[in-house]
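Please arrange chain B on chain A, whose structure you already have, making use of the hints.
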Amino acid sequence: MKKTARVRAIFACFGLMCCFTVFSARLVYLQVDQHEKYARIAAEKHVKKQPIIAGRGEIRDVNGELLAANEPLSTVIADGSLIDTGKASPDEIAAILAGPLKMDRAKLAEKLDTPRKYVVLKRSVTESEKALLIQGMADYRDRTQKAIKGIFFESDSRRVYPNNEVLCHVLGFMGQKRTDNGGAEETERMGVEGVERSMDKWLRGYDGFRYIERDRNGEEIVPYRGQERFARDGYNVRLSIDMRLQHIVETELDALYKQYRPEFTTAIMMDPKTGRVLAMANRPCFDPNNMSRGSKTEDGKPLDIKPEQMKNNAVISVMEPGSMFKIVPVSAALNDKLVSLDTVINCEGGRWLYGGKILKEHGHGDHPNLSVFDVVVHSSNIGAAKLGMKLGEQRFYEYVRSFGFGERTGINLPGEVPGIVHSPKSSGWNKLTLTRMPIGQGVCVTPIQMVSAMSAIANGGHLMMPQIVDSVVDDTGKTIVNFPAMQMRQVVGPEAAAQLRSALKDVVSKRGTAFAATIPGYSAGGKTGTAQIAKPGGGGYYDNRFVTSFVGFFPADDPQVVCLVMVDDAKAAENLNYGGLIAGPAFSRIGEQAAHYLNIPPDVQPAPEAVAKVTKADH
Amino acid sequence: MSTNRRRRLENTVPVGAFSPWLIIAVLALLGGMTWVYYKNQLVHRGESIGKMERELVELGRKNEALKGRIAQLSTYSALQKACNDGTIKMIKILPASIVHVDFPRRSGGNGDEIRAVSNEVTSR
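Those protein sequences? They're chains A and B, same order as listed. With our numbering, letter number 151 in the first sequence gets 151, and the count goes up by one each step, no holes. With our numbering, letter number 7 in the second sequence gets 7, and the count goes up by one each step, no holes.
Next comes chain A alone, as it looks inside the complex (with noise of 0.2 Å):
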């Protein structure tokens, strides 16, 4: 009997013991051969990569005032096999919903009567419709005792520009880029047009992840948190712009748009000793905030933005400077002292004949012998062209050259042309080409050109290097990238620098040919430009229509401010169709207010109609 129980006790042990290798071999099996397998389907039940979006940097203006933010927005997702376990109907719901989200009730609860996980409700609904969805929502729940499944938030975000129009073509817009990534359609925001191009790899940051579990409803279960990467936000960019002085500028340039109807006109406002740009406009413009795809206007019809509203004519335009350019060749002979500004010039009694072609003075210009001083101020065009002869092609070549024109000025935007100057030994230089190109035909510049060239005069002959941007900063406002003032090289000597502001402070005169550029009590100094239009495809030029501009600086004696304004097109009676009376006022209105903005003391004394004006009217 004992025999058969210690036997018994044997098999059963034995059996035991059999069972038991059996479950772990299946076990090792399972755990050490197949562990890949299951660790992944695992995972793929539970283990979800989240994506951590990184926020766009900002853009500020030089004294902080923001230009670009991120406006937070949610997309409504309805996952239509939780509506159906939950105790209010598609239909409740919808009624909940339809408020706040500004939809169609009926149309909401078709959407929401589902068996689909995974419906988009609306996108780009604001946080303010979101806090009202959410409370409305909560009302329910708490006035019927039935909670509301089904209904989710996924954060999205907008690009705003707090100043609409303002700065539009400097900031830019912001775009979509669609990607093919293994079947999933993936879309990538991106800066177009601006800074926000230029500058996109600073601001737009490097997306996170983390591996999360998920729970049966779906929710995070946190300490299983798998492998995480931050997110890294991306950087604020400053730029050198100051709003105000912007505010200055797109005012007036609003008012000669609507006065004149041209093409299209340009404003620059430059630190000469700096080259950073303290404000650059166009018009026609546009609101950046209306570019995202399928903008409406208040009325509900499609927005319709031109390509020409678009354009930063500053950078992205050349034209024909007119006499502008008889900076280069009145400073270059100046600066190989082959002239003094009391040379006299045969001026030819305002028609010269060389090359087979007449050259004559614009307007009443006869004279028949000018000092180079006179030269600048009454813009002779005889003149500056016998001032190209006695430089000869290839040095004023290399004079063009050496003020940045024919080359792009390296500013921080998208686009940049660097505009049309032919070399002597080209097919496009001909033997007229020395008397065309000193008055500013023949050559093609942009703005941001006209006005570096400008400032390398005001700042005694260093040809800087234009900044927009002033600095990249993370969020603590630690400087991650300086942008500092680069002097490019030296045109012109300081000595010959200051000869040439003497003639153009003389420019803005009663004498010259921009009195009406003249600054109330502030001594200023310009030039002015009018250009024939050339007609397209080489056919000469348009008799009656103009680029009418004036670049100029002030105060006379240490240039602070140097200003561009440049009207294409200006459609003014012929006689009145001239740098100096269009763009000349402008400039005038301009400089006043920028004046006064930025503290410059006055340096010249009222006129005494002025003052006895003020003293009768505290009176």
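Source of the hints: derived by calculation from the structure; they are not laboratory data. Positions of the beta carbon are idealized from the N, C-alpha and C atoms, including for glycine. Some clues are possibly wrong.
Short derived list, chain B residues pointing at chain A, Cβ under 8 Å [what the hints assert, rightly or not]:
| hint | residue |
| --- | --- |
| 1 | 38 |
| 2 | 40 |
| 3 | 42 |
| 4 | 47 |
| 5 | 49 |
| 6 | 50 |
| 7 | 59 |
| 8 | 65 |
| 9 | 72 |
| 10 | 81 |
| 11 | 92 |
| 12 | 95 |
| 13 | 96 |
Quick look at chain B alone, frame taken from chain A:
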């Protein structure tokens, strides 16, 4: 074997031999319970952390939205419009309301010493 003897033999429990195992089992039970308790705590704390993270994100989003709104309302053109509408009003600061802080002039100097000056508007 009589029935009484068999019952006596079958009811004999070797407590001495079992006690170490019993203690181990109790300890294991306690350990297990503690583990479950802490695991539970971990999940609850995790939920709290997750909730706070979500609140933080929400606050960040609200802050971002308000920042943009403030910027929109305080732009030059918005302020100009509000001024034109009469929503806000410019009030002239009368000369009497301006406090001029004058630094005392040093006496006995020859005029070359460094001194604080205001931004005087000069005419030449």
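Here's how the hints hold up against the structure:
1. 38: Check failed: Cβ of residue 38(B) comes no nearer than 11 Å to chain A, outside 8 Å.
2. 40: Not OK, violated: residue 40(B) not within 8 Å of chain A, min 11 Å.
3. 42: Holds, because the Cβ-Cβ distance from residue 42(B) to chain A comes to roughly 5 Å (cut-off 8 Å).
4. 47: holds, 7 Å
5. 49: Holds, because the Cβ-Cβ distance from residue 49(B) to chain A comes to roughly 5 Å (cut-off 8 Å).
6. 50: Where the cut-off is 8 Å and the nearest Cβ of chain A is about 4 Å from residue 50(B), the hint holds.
7. 59: violated, 11 Å
8. 65: Since the shortest Cβ distance to chain A is 4 Å, the answer is holds.
9. 72: holds, 4 Å
10. 81: Violated, about 11 Å.
11. 92: This interface hint is violated because 15 Å lies over the 8 Å limit.
12. 95: violated, 12 Å
13. 96: The hint is violated - residue 96(B) has no Cβ within 8 Å of chain A, the shortest such distance being about 16 Å.
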